[in-house]
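Heads up: the protein sequence lines correspond to chains A and B, in order. 1 is the number of the first residue of the first sequence in the numbering used here; add one for each residue after it. 112 is the number of the first residue of the second sequence in the numbering used here; add one for each residue after it.
Hints in this document: simulated from the structure, not taken from any laboratory. Quick reminder that beta carbons are idealized off the backbone N, C-alpha and C, glycines included. Some hints here could point you the wrong way.
[To be verified] Derived coverage of chain B by chain A (criterion: at least 3 residues anywhere in the stretch with Cβ under 8 Å from a Cβ of chain A; other residues may be distant):
id, region
1, 157 to 165
2, 207 to 218
[Stated by the list, open to error] Listed next, the in silico SDA-like pairs over lysine to any residue satisfying Cα-Cα at most 20 Å (straight line):
id, chain 1, residue 1, chain 2, residue 2
3, A, Lys-98, B, Lys-190
4, A, Lys-9, B, Phe-199
5, A, Lys-98, A, Glu-32
6, A, Lys-98, B, Arg-183
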Amino acid sequence: AQRVTQPEKLLSVFKGAPVELKCNYSYSGSPELFWYVQYSRQRLQLLLRHISRESIKGFTADLNKGETSFHLKKPFAQEEDSAMYYCALSLHGGATNKLIFGTGTLLAVQP
Amino acid sequence: SQTIHQWPATLVQPVGSPLSLECTVEGTSNPNLYWYRQAAGRGLQLLFYSVGIGQISSEVPQNLSASRPQDRQFILSSKKLLLSDSGFYLCAWMGNYNEQFFGPGTRLTVL
Chain A
1 AQRVTQPEKL LSVFKGAPVE LKCNYSYSGS PELFWYVQYS RQRLQLLLRH ISRESIKGFT
61 ADLNKGETSF HLKKPFAQEE DSAMYYCALS LHGGATNKLI FGTGTLLAVQ P
Chain B
112 SQTIHQWPAT LVQPVGSPLS LECTVEGTSN PNLYWYRQAA GRGLQLLFYS VGIGQISSEV
172 PQNLSASRPQ DRQFILSSKK LLLSDSGFYL CAWMGNYNEQ FFGPGTRLTV L
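Sequences and hints are given; from them, build the entire structure.
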């Protein structure tokens, strides 16, 4: 069955420390993955997609098919990075076109 | 540019009362539309999605229903609300690369 797992509900780090938010997926097809972020009192928004291989706000994520992972990383955390982060897997084919989300990780960056 | 609206922003309803939440999209035609419920610690649960007018797919059995009377309008309804229907409801549309863009959400409290 298709599934997205984010094992950490909360990740607390100090400003300037490296950050890694874990995401593992289960999918028999070719995976297409995204990271979404929700800052306090703001709507859920797309952070990055694996297919673009981009760096957004200093964050990167590499798809590792061998480990079925798509961890989100940033070398130096900033206080403004504090937010809820969701990993999502795209399911598409035929009439199906939807995202499956993980349960989310709350990142708290301490001063 | 595309925008997505949801209303109302907050709603307090008694148990057993009906519900109608509305979502509209501007700046795009024939979008795939989605209703999610977001709960703390449980991530985003996909409730319904629609690939066109009158076409609704239900993801989980529940007390809710959805309709798409117009191309850019998606409605979430209930005939009789339950306490367990309380939550934060998000509407989304799908872009060209399988990413989704979210509305501001509706906070529903059933008393």
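The hints, checked one at a time:
1. Counting residues of the region 157 to 165 of chain B whose C-beta sits closer than 8 Å to any C-beta of chain A gives 3, which meets the bar of three, so the coverage hint holds.
2. For the region 207 to 218 of chain B, the proposed coverage by chain A is satisfied: 9 residues have a C-beta within less than 8 Å of a C-beta in that chain, meeting the threshold of three.
3. A hinted pair counts as satisfied when its Cα atoms are at most 20 Å apart, and Lys-98(A) with Lys-190(B) does not qualify at roughly 26 Å.
4. Under the criterion of a C-alpha separation no larger than 20 Å, the hint pairing Lys-9(A) with Phe-199(B) is consistent with the structure, at around 19 Å.
5. For the hint linking Lys-98(A) to Glu-32(A), the alpha-carbon distance of about 11 Å falls within 20 Å, and the restraint holds.
6. Distance restraint check for Lys-98(A) and Arg-183(B): the Cα-Cα separation of roughly 18 Å lies within the 20 Å cut-off, and the hinted pair is therefore satisfied.
Consistency with the previously given hints fails for number 3 only.
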